[in-house]
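Undergrad: Chains as they are written, first to last, in full-length UniProt numbering: chain C, 1 to 292; chain F, 1 to 292.
Since the hints were made in silico from the structure, they are not lab data.
Just so you know, these numbers come straight off a predicted model, no measurement behind them.
Among these hints, one or two may not hold up.
The list treats identical chains as one, so a pair stands whether inside a single copy or across any two.
Only pairs whose alpha carbons sit at most 30 Å apart, straight line, appear in this in silico BS3-like list of lysine-lysine [unchecked claim]:
1. 51 to 13
2. 150 to 166
3. 13 to 24
4. 51 to 150
5. 13 to 74
6. 51 to 24
7. 42 to 13
8. 42 to 180
9. 13 to 168
10. 180 to 166
11. 150 to 74
12. 42 to 24
13. 180 to 168
Each chain is listed here by its residues.
2 protein chains.
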Amino acid sequence: MFYIIGLGLCDEKDITVRGLEAVKGCSRVYLEAYTSILMVHKERLEAFYGKDLILADRDMVETESDEILRDADKEDVALLVVGDPFGATTHTDIVLRARNANIPVRVVHNASIMNAVGACGLQLYNFGQTVSLVFFTDTWRPDSFYDRVKENADLGMHTLLLLDIKVKEQSEENLARGRKIYEPPRYMSIPQAVAQLVEVEAARGAGVLAPDATLAIAVSRVGGGGGQERIVSGTLAELLAQPPAAFGAPLHSLVLVGRRLHHLEVEYAETFAVDRASWRRVARDVYGCALD
Amino acid sequence: MFYIIGLGLCDEKDITVRGLEAVKGCSRVYLEAYTSILMVHKERLEAFYGKDLILADRDMVETESDEILRDADKEDVALLVVGDPFGATTHTDIVLRARNANIPVRVVHNASIMNAVGACGLQLYNFGQTVSLVFFTDTWRPDSFYDRVKENADLGMHTLLLLDIKVKEQSEENLARGRKIYEPPRYMSIPQAVAQLVEVEAARGAGVLAPDATLAIAVSRVGGGGGQERIVSGTLAELLAQPPAAFGAPLHSLVLVGRRLHHLEVEYAETFAVDRASWRRVARDVYGCALD
Numbered sequence: 001m002f003y004i005i006g007l008g009l010c011d012e013k014d015i016t017v018r019g020l021e022a023v024k025g026c027s028r029v030y031l032e033a034y035t036s037i038l039m040v041h042k043e044r045l046e047a048f049y050g051k052d053l054i055l056a057d058r059d060m061v062e063t064e065s066d067e068i069l070r071d072a073d074k075e076d077v078a079l080l081v082v083g084d085p086f087g088a089t090t091h092t093d094i095v096l097r098a099r100n101a102n103i104p105v106r107v108v109h110n111a112s113i114m115n116a117v118g119a120c121g122l123q124l125y126n127f128g129q130t131v132s133l134v135f136f137t138d139t140w141r142p143d144s145f146y147d148r149v150k151e152n153a154d155l156g157m158h159t160l161l162l163l164d165i166k167v168k169e170q171s172e173e174n175l176a177r178g179r180k181i182y183e184p185p186r187y188m189s190i191p192q193a194v195a196q197l198v199e200v201e202a203a204r205g206a207g208v209l210a211p212d213a214t215l216a217i218a219v220s221r222v223g224g225g226g227g228q229e230r231i232v233s234g235t236l237a238e239l240l241a242q243p244p245a246a247f248g249a250p251l252h253s254l255v256l257v258g259r260r261l262h263h264l265e266v267e268y269a270e271t272f273a274v275d276r277a278s279w280r281r282v283a284r285d286v287y288g289c290a291l292d
Numbered sequence: 001m002f003y004i005i006g007l008g009l010c011d012e013k014d015i016t017v018r019g020l021e022a023v024k025g026c027s028r029v030y031l032e033a034y035t036s037i038l039m040v041h042k043e044r045l046e047a048f049y050g051k052d053l054i055l056a057d058r059d060m061v062e063t064e065s066d067e068i069l070r071d072a073d074k075e076d077v078a079l080l081v082v083g084d085p086f087g088a089t090t091h092t093d094i095v096l097r098a099r100n101a102n103i104p105v106r107v108v109h110n111a112s113i114m115n116a117v118g119a120c121g122l123q124l125y126n127f128g129q130t131v132s133l134v135f136f137t138d139t140w141r142p143d144s145f146y147d148r149v150k151e152n153a154d155l156g157m158h159t160l161l162l163l164d165i166k167v168k169e170q171s172e173e174n175l176a177r178g179r180k181i182y183e184p185p186r187y188m189s190i191p192q193a194v195a196q197l198v199e200v201e202a203a204r205g206a207g208v209l210a211p212d213a214t215l216a217i218a219v220s221r222v223g224g225g226g227g228q229e230r231i232v233s234g235t236l237a238e239l240l241a242q243p244p245a246a247f248g249a250p251l252h253s254l255v256l257v258g259r260r261l262h263h264l265e266v267e268y269a270e271t272f273a274v275d276r277a278s279w280r281r282v283a284r285d286v287y288g289c290a291l292d
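Next comes chain C alone, as it looks inside the complex (with noise of 0.2 Å):
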């Protein structure tokens, strides 16, 4: 059987019983390399799940994905992966070659952002499509992204805004010198986020992102206890104003808040908010939210 476990959001305890159980019988076991995402170390995870683990980066996962599958037809091997399994197109692309190959698939389902969002306070059946946010570069500043936003906002919906995070980049000169030493990984703040995203605002000027009349909701280290998790609401310019740490360890995903808005949504998202009073008065004020 080849299994793929998806390991949660945050530690080495929120992987199911069923995905321990079945990491446990296995004879090889892989870790996604992105779990440089996860909260916690390799070896943390090893020494709770009782096994050793073979990190596999996410260009192993379709390179060579004949070895991770070897012999699956015969005894148990897993792959485990942050969040749930379907949140990357490489984990359909291993499964089909799964099942090309007559290897029987068994998926431990597990949270991901894409539902565990809903603990900003905002209703997960008003989210529009997921949109994805690049890290800018001098040369490359793609809006694309915008688009999708304002169809969203067309609609009263909320926007998901998955922030980029790099990991496993080579500086210039190793990657010249064919050095395969790697920068630290890097991730897209808050702050960054927002600055790109109220840049492009001022080129497009379609008022989806003004910065003072956009609810957006910043969240981190979604179900992580001890404090980890951090949730921050407050119009886009009062984000921007926070310094980076007001919004705890990375990643960090950002809503936008859409306009099809309910008052117990406003409430539950008040408690977060930088300014409660603004955070009232836009939802008010902007969205037409009937409040108190």
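Knowing the structure of chain C, use the given hints to seat chain F on it.
TA: Just chain F now, kept in the frame of chain C:
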């Protein structure tokens, strides 16, 4: 501490290790009675968790939250819910009440249909808003869902349709006589759902639910082992022609495929097709998907 713990989608082993540890330390554990939609009975959960569970229907979670939260500032109390805690507004409401009473709250996330639906092979970030479909009656056939589906379809987004369930219904006679006798739960089947879609399409005529030109994927018991998980893809007409048993046991959900469709999505879901050739033909000719 007040815990709200997601149980995931299938059975007693879908709870996370963190969730299970929390349950074992609680002095009272409530089980939201919509858990009739889990695939197992309360007794099996109790045996596995080693705890007696207090059934709480959704009314009780709304109206008797004071009792549920009693002493949760001094001891640990848990509310177990199917899927993820933020799938229902009642849960954000009880979190707000706990906060207002200065009771610390910890949410333990899990998979829900909102992210596990990725198992059908469609990419989650291309889903628009989620839409609920209620049972039509002789006198009440609400069609406003059609507008929501059309909004998604116009953008090329997929739509997750959540199918109605009826639990704790009373017959008219029992209701009139004040007898608290409840009918067995009812779950909308896939053919019922599709029949309602086709009926509304005939009346509204915008062509977003054309029986022979709209691709859809029925899912049930996602993540369930032993062949419980069923995924069936086809045109609406093809799904309508299947016997209900083809879709496995409830709960069912239905995904309407949007035009922004990638060939990998087509290929993945083809595995589940009623008729593979027809699936590919509609994907290519109607959806304009580039296939070999």
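Undergrad: State whether the alpha carbon distance between residue 42 and residue 13 is at most 30 Å within one copy, between copies, both, or neither.
TA: Cα proximity of residue 42 and residue 13: in one copy and across copies (13 Å, 24 Å).
Undergrad: Have a look at residue 51 and residue 150 and pick one of within, between, both or neither, based on CA distance no larger than 30 Å.
TA: The answer is neither: 47 Å in one copy and 49 Å across copies each exceed 30 Å.
Undergrad: Taking 30 Å as the upper bound on the Cα-Cα distance, should residue 13 and residue 74 be classified as within, between, both, or neither?
TA: both (29 Å within a copy, 24 Å between copies)
Undergrad: Is it within, between, both, or neither for residue 150 and residue 74, if the alpha carbons may be no more than 30 Å apart?
TA: Result: close neither inside a copy nor across copies, 50 Å intra and 47 Å inter.
Undergrad: One pair to classify: residue 42 and residue 24, alpha carbons no more than 30 Å apart. Within, between, both, or neither?
TA: both (16 Å within a copy, 27 Å between copies)
Undergrad: Within a copy, between copies, both or neither: where do residue 51 and residue 24 come within 30 Å Cα-Cα?
TA: Both, since 7 Å and 25 Å are each at most 30 Å.
Undergrad: At most 30 Å between C-alpha atoms: does residue 150 with residue 166 qualify within a copy, between copies, both, or neither?
TA: within (26 Å within a copy, 37 Å between copies)
Undergrad: Check residue 51 against residue 13 for me: Cα-Cα at most 30 Å, and say if that holds within a copy, between copies, both or neither.
TA: both (15 Å within a copy, 20 Å between copies)
Undergrad: If the cut is 30 Å between Cα atoms, do residue 180 and residue 168 qualify within a copy, between copies, both or neither?
TA: within (9 Å within a copy, 62 Å between copies)
Undergrad: Between copies, within a copy, both or neither: which fits residue 13 and residue 24 at Cα up to 30 Å?
TA: Cα proximity of residue 13 and residue 24: in one copy and across copies (14 Å, 14 Å).
Undergrad: Indicate which option fits the pair residue 13, residue 168 if close means a Cα-Cα distance not exceeding 30 Å: within, between, both or neither.
TA: within (26 Å within a copy, 35 Å between copies)
Undergrad: How do residue 180 and residue 166 come out at 30 Å by Cα distance, when the copy is not named: within, between, both, or neither?
TA: within (15 Å within a copy, 59 Å between copies)
Consistency note: the structure conflicts with the earlier hints numbered 4, 11.
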